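Order-wise, the sequence lines are chains A and B. Here the first sequence stands for residues 1 to 220, where the numbers follow this note's numbering. Here the second sequence stands for residues 1 to 95, where the numbers follow this note's numbering.
No wet-lab data here; the hints were simulated from the structure. There could be a bad hint or two in this list.
Calculated pairs, BS3-like style, for lysine-lysine (alpha carbon to alpha carbon, straight line, at most 27 Å) [claimed, not checked]:
(1) B/Lys58 x A/Lys13
(2) B/Lys71 x A/Lys87
(3) B/Lys3 x A/Lys92
(4) A/Lys87 x B/Lys3
(5) A/Lys142 x B/Lys58
(6) A/Lys96 x B/Lys3
(7) A/Lys92 x B/Lys12
(8) B/Lys58 x A/Lys92
(9) B/Lys12 x A/Lys96
(10) B/Lys58 x A/Lys53
(11) A/Lys96 x B/Lys39
(12) A/Lys57 x B/Lys71
(13) A/Lys138 x B/Lys3
(14) A/Lys53 x A/Lys92
(15) A/Lys53 x A/Lys195
(16) A/Lys119 x A/Lys96
(17) B/Lys3 x A/Lys142
Computed from the model, here is a short list of chain A residues facing chain B with C-beta under 10 Å [to be verified]:
(18) Phe49
(19) Gln72
(20) Ile75
(21) Leu79
(22) Asn88
(23) His93
(24) Lys96
(25) Glu99
(26) Tyr113
(27) Leu214
(28) Val216
(29) Gly217
(30) Ser218
Source: prediction; values computed, not measured. Backbone N, C-alpha and C fix where the C-beta goes; we use that ideal spot for every residue, glycine too.
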Amino acid sequence: MILEIDNVELYFKNKTILNGIYLKAETGKVTGILGSNGCGKSCLLQIIFGSLKPKYKLVRIDSSPVLKPLYQTNIVKYLPQHALIPKNISLKHVFKFYEVDWIEFVEIFEEFYNYKTYKSTQLSGGQLRLIETYIVLKSPSKIVLLDEPFSHLAPLHIEKISAIIEEEKTQKAIIITDHYYRNIIDSSDDIYLLKNGATKLIENILELEDYKYLNVGSLT
Amino acid sequence: MQKLLTILAFYKPFVIWSFLVNIAITIVNPFIVPAIITKLMLTIFVWYFVNETNTRRKLIFYNNLGISSIKLFSVMFFIDIFITIGYLILIKEYI
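Okay, chain A solo, but in the shape it has when bound:
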């Protein structure tokens, strides 16, 4: 399955946020989006998901335009930058609603063994982020959108989540963005740089220095 988005025009008041976007993601690949703060990475994910309505956009799946919000097709899962899980729902129910196996989860993250009846308010920011990232990755879908999945995560958990991303990409198209650029570079098969409201497909990782996303010498 191939997801493409282009012809995006997003304005906040009179300020142009996105204009000149083309992004392609496909099953079997992780597509990374890099860009400085406020460049519109999160907006782009929200537009793909369908929760943010720009002036124009064209989303295509296998070359066919998708006219309704993508989330209504039930083939996409989105991890937003902010908290996802409502405060009043226990983890047991969250896993049930998202059709994710709790046993499989605690086999990977043993420290959560006794947390099944906990609610999100009883978890630390890092623990909550880990669970949210896990359910979004593991829940049945064809497209996964991850906005800063590595934020607040311990290095060991980042390794485990990266391994799960690698495993899930065989059945899903995954789009990921984060400020931990090394994790994005390591996890991604294709990388787009979002700058001045437009995307640029990065052919050579050193281009990130040329486009002044990274300081010269950062990658060596």
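Starting from the known structure of chain A, fit chain B onto it as the hints suggest.
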């Protein structure tokens, strides 16, 4: 069925408020039609409030399951009306 359970989980925090409104309706005008109109107005108000503020972000949990905000609030309204009518029929037996 799974979607209905998810919508019920969304409705849960509103139950106590709905019950308080039911008590107010019982005191002021304990008839079914005014009760439905009152609940419809309140549902539209909450839906508008959620859509126009940052609270909208909380709906992504439900959007991920293919449930749009209009579906979420419509089903919540019908569940609430079902409970309200049951409550009013029951309470009229004692008035």
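(message) Tell me if the straight-line CA distance from A/Lys119 to A/Lys96 falls inside 27 Å.
(response) With a Cα-Cα distance of about 14 Å, the restraint between A/Lys119 and A/Lys96 holds, given a limit of 27 Å.
(request) Mind checking the alpha carbons of A/Lys53 and A/Lys195 for me, to see if they're no more than 27 Å apart? (result) holds, 20 Å
(request) Go through the hint on A/His93 and say holds or violated, using the shortest Cβ distance to chain B against 10 Å. (result) holds, 6 Å
(message) Hint A/Lys96 vs chain B: min CB-CB distance below 10 Å?
(response) holds, 8 Å
(request) For the pair we were handed, B/Lys58 and A/Lys13, check the Cα-Cα distance against 27 Å. (result) holds, 24 Å
(request) Starting from B/Lys58, check that the Cα of A/Lys53 is at most 27 Å away, please. (result) holds, 17 Å
(message) Checking hints one by one. Is A/Leu79 an interface residue toward chain B, by the C-beta closer than 10 Å rule?
(response) holds, 9 Å
(request) Closer than 10 Å between Cβ atoms is the bar; does A/Ile75 clear it against chain B? Give me holds or violated. (result) Holds: closest Cβ of chain B sits about 9 Å from A/Ile75, inside 10 Å.
(request) For the hint on A/Gln72, just tell me whether its beta-carbon gets within less than 10 Å of chain B. (result) With Cβ-Cβ at 6 Å, under 10 Å, it holds.
(request) Answer holds if the nearest beta-carbon of chain B is closer than 10 Å to that of A/Asn88; otherwise answer violated. (result) holds, 5 Å
(request) Could you check if A/Gly217 really has its C-beta closer than 10 Å to a C-beta on chain B? (result) violated, 38 Å
(message) Against the 27 Å threshold, does the CA-CA distance of A/Lys138 and B/Lys3 hold or violate the hint?
(response) Within the cut-off at roughly 18 Å; holds.
Of the numbered hints stated above, those contradicted by the structure are hints 11, 14, 26, 27, 28, 29, 30, listed in ascending order.
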